[in-house]
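Chains as they are written, first to last, in the working numbering: chain R, 69 to 422; chain C, 69 to 422; chain A, 69 to 422; chain L, 69 to 422; chain U, 69 to 422.
The hints are simulated quantities; they were obtained by calculation from the structure and are not laboratory data.
No copy labels: a pair is met if it fits in one copy or bridges any two.
Derived DSS-like pairs (lysine-lysine); straight-line CA-CA distance at most 25 Å:
| hint | residue 1 | residue 2 |
| --- | --- | --- |
| 1 | Lys139 | Lys229 |
| 2 | Lys226 | Lys317 |
| 3 | Lys357 | Lys419 |
| 4 | Lys107 | Lys317 |
| 5 | Lys213 | Lys226 |
| 6 | Lys169 | Lys214 |
| 7 | Lys417 | Lys357 |
| 8 | Lys317 | Lys169 |
| 9 | Lys420 | Lys357 |
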Amino acid sequence: MPDSLTNISDKAGMPPGTLVHVGDTHEAESRITVIDYSKENIEERIIGSIDEILPCLDSNTVTWLNIEGLKDIIPIESVGRILNIHPLVLEDILNTHQRPKFEEHDNYLYIVLKSLSVENSTLSIGYEQISILMLNNLVVTFKEKKDDIFIPLMQRLKNGKGRIRNMGSDYLTYAVLDTIVDQMFFIIDSIDEIIETTEEHLLVNPTSGSLSAIQQIKRELIYIRKSISPLREVLAAIPRSDSPLIQEKTHIYFRDVYDHVLRITETIESHRDMLTGLLDIYMSSVSNKMNEVMKVLTVFASIFIPLTFIAGIYGMNFEYMPELKWKWAYPTLWIAFILIPIVLIIYFKRKKWL
Amino acid sequence: MPDSLTNISDKAGMPPGTLVHVGDTHEAESRITVIDYSKENIEERIIGSIDEILPCLDSNTVTWLNIEGLKDIIPIESVGRILNIHPLVLEDILNTHQRPKFEEHDNYLYIVLKSLSVENSTLSIGYEQISILMLNNLVVTFKEKKDDIFIPLMQRLKNGKGRIRNMGSDYLTYAVLDTIVDQMFFIIDSIDEIIETTEEHLLVNPTSGSLSAIQQIKRELIYIRKSISPLREVLAAIPRSDSPLIQEKTHIYFRDVYDHVLRITETIESHRDMLTGLLDIYMSSVSNKMNEVMKVLTVFASIFIPLTFIAGIYGMNFEYMPELKWKWAYPTLWIAFILIPIVLIIYFKRKKWL
Amino acid sequence: MPDSLTNISDKAGMPPGTLVHVGDTHEAESRITVIDYSKENIEERIIGSIDEILPCLDSNTVTWLNIEGLKDIIPIESVGRILNIHPLVLEDILNTHQRPKFEEHDNYLYIVLKSLSVENSTLSIGYEQISILMLNNLVVTFKEKKDDIFIPLMQRLKNGKGRIRNMGSDYLTYAVLDTIVDQMFFIIDSIDEIIETTEEHLLVNPTSGSLSAIQQIKRELIYIRKSISPLREVLAAIPRSDSPLIQEKTHIYFRDVYDHVLRITETIESHRDMLTGLLDIYMSSVSNKMNEVMKVLTVFASIFIPLTFIAGIYGMNFEYMPELKWKWAYPTLWIAFILIPIVLIIYFKRKKWL
Amino acid sequence: MPDSLTNISDKAGMPPGTLVHVGDTHEAESRITVIDYSKENIEERIIGSIDEILPCLDSNTVTWLNIEGLKDIIPIESVGRILNIHPLVLEDILNTHQRPKFEEHDNYLYIVLKSLSVENSTLSIGYEQISILMLNNLVVTFKEKKDDIFIPLMQRLKNGKGRIRNMGSDYLTYAVLDTIVDQMFFIIDSIDEIIETTEEHLLVNPTSGSLSAIQQIKRELIYIRKSISPLREVLAAIPRSDSPLIQEKTHIYFRDVYDHVLRITETIESHRDMLTGLLDIYMSSVSNKMNEVMKVLTVFASIFIPLTFIAGIYGMNFEYMPELKWKWAYPTLWIAFILIPIVLIIYFKRKKWL
Amino acid sequence: MPDSLTNISDKAGMPPGTLVHVGDTHEAESRITVIDYSKENIEERIIGSIDEILPCLDSNTVTWLNIEGLKDIIPIESVGRILNIHPLVLEDILNTHQRPKFEEHDNYLYIVLKSLSVENSTLSIGYEQISILMLNNLVVTFKEKKDDIFIPLMQRLKNGKGRIRNMGSDYLTYAVLDTIVDQMFFIIDSIDEIIETTEEHLLVNPTSGSLSAIQQIKRELIYIRKSISPLREVLAAIPRSDSPLIQEKTHIYFRDVYDHVLRITETIESHRDMLTGLLDIYMSSVSNKMNEVMKVLTVFASIFIPLTFIAGIYGMNFEYMPELKWKWAYPTLWIAFILIPIVLIIYFKRKKWL
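Could you build all of it, start to finish, from the sequences and the hints given here?
See the structure below:
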């Protein structure tokens, strides 16, 4: 059972707004990275306390604060205090069982979503909650795990190519979302491959293993869909928002990510349809196999049972059985023993059983 | 058949607005608790008559009146008289077969919903109707049963931690709704566990007991969904209401409960999908088992029926059967008796039946 | 095939507005009842001609004209003439295959719906079309059959208890609708019971009778849903209407009936889901039964076919069969005859077939 | 494959607006009928050229121009030229694979829909496209085939009964639509009957013929639904249109036809549900039949295989078989031959196999 | 796996706006065609560099620039530079995994869609992405492959017949869309044919090949639907747009294409329904076949097993078996051997097994 479903009730009974990390503890320590950039300069630092970012806030540069690991709640509390974030939002950041959503607050926007990544080459999908706080000239991202999905984006920032260094925190938010959504295409690709492989197996030799493979893909698709489909509304809402934090020229970028999510959800629907098809193939191949078994039994039984009966007749011990004394009786019978199967085999061939 | 479905017709034929408790009688006596609190003080009392709350109404404190047990209609009538509640609302409070709904009246809001709780460790789910009347500085809750789901909330009120003591009756209403919705996560968790256990059983040894387990979960999900899904509209309607009773700063809290309900309903949909998968596994495992039985029969019959026929031939009593006199006939036949099964077994192995 | 589906084409080809009773003729004669009441007085009469109500129309009393039986079109024509009703409405009243609907006309409102009632204790559901014309101080109801579903309402009017005698024709309309909808809860209750009984039968001894029972309930549910689900729109439209005929204080009552209808339709959806579950149980119980039959056959055949073969060997008549002369051959064979079944039975027990 | 689905690609590649009849050629010649009427007079003529209607256009009478047969495109071109119709509309009239739609143009309204009719007593449904152009005082109808579905309407016009002669071209349009929709009720009725008959056959003796009957009805329902369901939007749009061509007093009539179409589509949905039920009955009756076959086999085999084995034992030729010499051995064995089947039959009766 | 699903993740990790062709490389070289026309003149040229179109842009003629092959990104970059196209649009043009969409920009409109074409006579469907940029007096089309679907349209332009030469770039855009959509009708037609053929095969001789044919059509339909259904929104959005680039008189043409797409999507839904029907036929024909096999086995076994038992009795070697010495015993037994099968055959006939 994936962690996105269990233990949701951990916090039931606590007052709302209590900061406790609800979720699986992946790593003990948080890592806080600050990237502060303008068109000309860029600086990346790993800091120990949130208060170190205070000087960056006043400047005209764009600041990206990336907090990885939610076990230690002190950084989150500091962010809340310094940036004046609503307690319920902080609580949502820590509770990693959130449904993707987008909330507009007075001086910041809050986006929470799931990041999906293929763990290994097998279909083991890793789910991670990522929260994004977008303020004027500042983007704070909260990640559950320490992984490297943001590495290419940071690299691009450092290289200074493309528009990213010329634009504000809204474009950075878009770039973060785009990076997360692009990750999902890898999932789609591997599911494609697995469905294809399973279908080939099914056509060659359907085993009960095929069925449990189908069920496993189905279950993964249920979770993926649950994680991704609310993202559509989130990404449709962002460009519709009239927050001054999002400039009009960035709208087109958010709409682009929205199109990607739409494409992903439609592909997932296709996958579900294809799985139903696989199940049909499996079910009917089981029936076909039984048909084949039955035909073999029927052919054997139908040929030899009558013959055994005939042999049984002349094994009787009656005194008055004239055939027993006939000279040609036994050879004649052999002809019957050969003819009867031939007739039956022709009959079964006509019925396409052989 | 759960009580939420039966005997709904008990009141048919009575004039609307007649106060009769329609539902199952759980306990004879009501228990009326009053909690009266301000930022500084909090007082909890069990009272015998509703009239005792009259002094609390005029003060600036927030009052929570919790009425448990609906058998005795006098308290409800008193509430209706003192607070000037519409007769149809009183009737709805007493009829415990209501669909969750939210009604705005001139000087109060009326919310009715179902509380779900796991009765024991088994999947026996208890349904209870809870009605909430929200007035200025007063919240009245009507519970069908005497249970302890409000105990943690009352404890929090007494501890005075968090925002709750600083805020009005709208926040208290939110806290009550939040408590009820948080309860539902326990249900979701136990259904998760039961589905997981059932799936393991299915893969190891599918019995007809597995099927009835699947059906029982399915039925419970039907009822849970029926109880919870109208709650979405209810909780979406509350922050959209323009009643002066709900302050704008509380909207975010109601939206938070709304998100929880959304998450619960989506999880229930996933559960339904997973149940369909379980049913597929069950159905195909039944087919697979029959396949296996058929194979055993076919192998036994196909091997021994031809052999029996051969033995039958030489059991015939013809006078002219030269083989009977040959010295090596019997050993030769034994070779056939050994070779034929070997050939057939190789054939069946090729067909992957053995 | 219920009458709500057949012969709908009876009127095809006639000009619209032709008054002909399209439907099954239940009774030859109409019965026209007039109840004229104010807060102080109430009078009930059975009249022969619609013209007798003319004096009631001018007074300040509320008048309820109940016409039972639609075979005789004269009363309907008279109502149309006296009250200036649109010909299409009159036609709809007479054609008892209407879809439930609500129409606002200049000086009156027209509501048509289906009344459902359990005919006996069996699941034989009676459908009847009821049309309601609501004018200022006058309500005209048209019933297809002479039955007693309005008796309790009339009794309540005469008793003068409750609000009904203090309020206008809009409240009377509500009371009529409430009476009809309350009737439907009986249907829901009996379907509940039948599903429960069928499920018990299925678990004990599934016969093909169970299947046809399931199909029959399914068919009834299809018709019930078809009759009830358009009622939701009708009842949602009434309080939204801005006709001066409906006072604002009556809105809450219509919304109450609306809630009931919502509850009924949701329960019907649950029933449909439960029926699908029953069908799954039935289908898999049929498969399980076949499995059991096959196991018995396989056990019998697998045990006795090899034994018969062994007996066949020593029934052969070869001259050179040394075993035949051994003294202990026969008892040794008996040991084989006993051991082989034991080994096979242990094998089948391991496979859980016995 | 019905003609509404094939050859749709006939026109692909031609410039839009090219007048070619796309569809099946039913009849070579067109027949053009003109009915010109006012409250006092009515005149019906069959004309050879559209130009003959020019005098009618100026008068105050209402003119109905009915063109049957679309093979000859000259009349359609003339209509387009005289009445100034948009080329795309003319193209749509000729291409008989249109989806039902309603278009408002500056000086006319264009409605296209499918007329369905039962060809014979069998379920052979005829589809025909009917286009309607409605102008001030003029209605032009284009029919694919020469049939008599408009005969009753023309008769009513001539009789002069009802409102039709007093009203304008909007009422005539309504009357035409009403006539076409009323035709569809016959289809519904015959499908009802066929479903009923098929169900009876299924319960008595399910053959594979039943299955193909179910599939055939299903296919017909798919086509019917495809033809009718867009009609809902069409008929909902007409009274909502603010074209001056439709007077407000005619709105109620269009809404009436809309109700009929709603009723038809809902009935078709019920039919689909019922067909699914029939399929379930068929599938499980096939399983039941196999069960029965298996039981017979199992009973025969289980009774006689053990007996044959016993007989086989005493057919062995051992020298030392003491039983062979016992006097009562043979009669004792006969008792076993009788007792064993009795015991087994009781066992099978207990299992309800007999 | 069709190319529209795989390798979508190729670009993940690159900065948005990087021009790389994402898709399958069909052909190395691009071909750029320019058609420049006014009412009087038309000129067609194949050019090597986009800069050659600069003179056309200033004139009053309408210019159609058709770029085939997306491997070479220089032409696309030139188009972007000369016409001032947003980098994200250029990126979308090159990434051939776009979902169909319509975007309004300040001075141009961008439409992207999939073109479907039947590759051969088999059901091998070719997918190709076509992007359309529409400016004032200029239409640029980008095609993935060099094929000839635009040939008939170009021919029509050259012939100068119809409206096309009199109208602007909006009408040309319509004509391009119309050409692409008309292509899709061929697909619909061939799927129709394949379904018909498969159904005939199924009724005559259902093999497991039929099943995989059904699954293949199903998979194709999933892809086709995914490609076509977003086109509905696109084509509904175009006439609703208030861009000055689309004149009001062209709206009716776009609505016409919209109608065609609606018809295609509805037909695809019908196809899906029909495929479900085919699957039902297949599944039940498999069951029927097994039934038939079982009947043959049961008839053979039930007739000969009892007879063999009887023969076995008189093959026993007891000394005291009086029947063995009776003169008429053997002929009597023959009568039994003949009568028993006759009785059983009559019994099986009654059960309709023969």
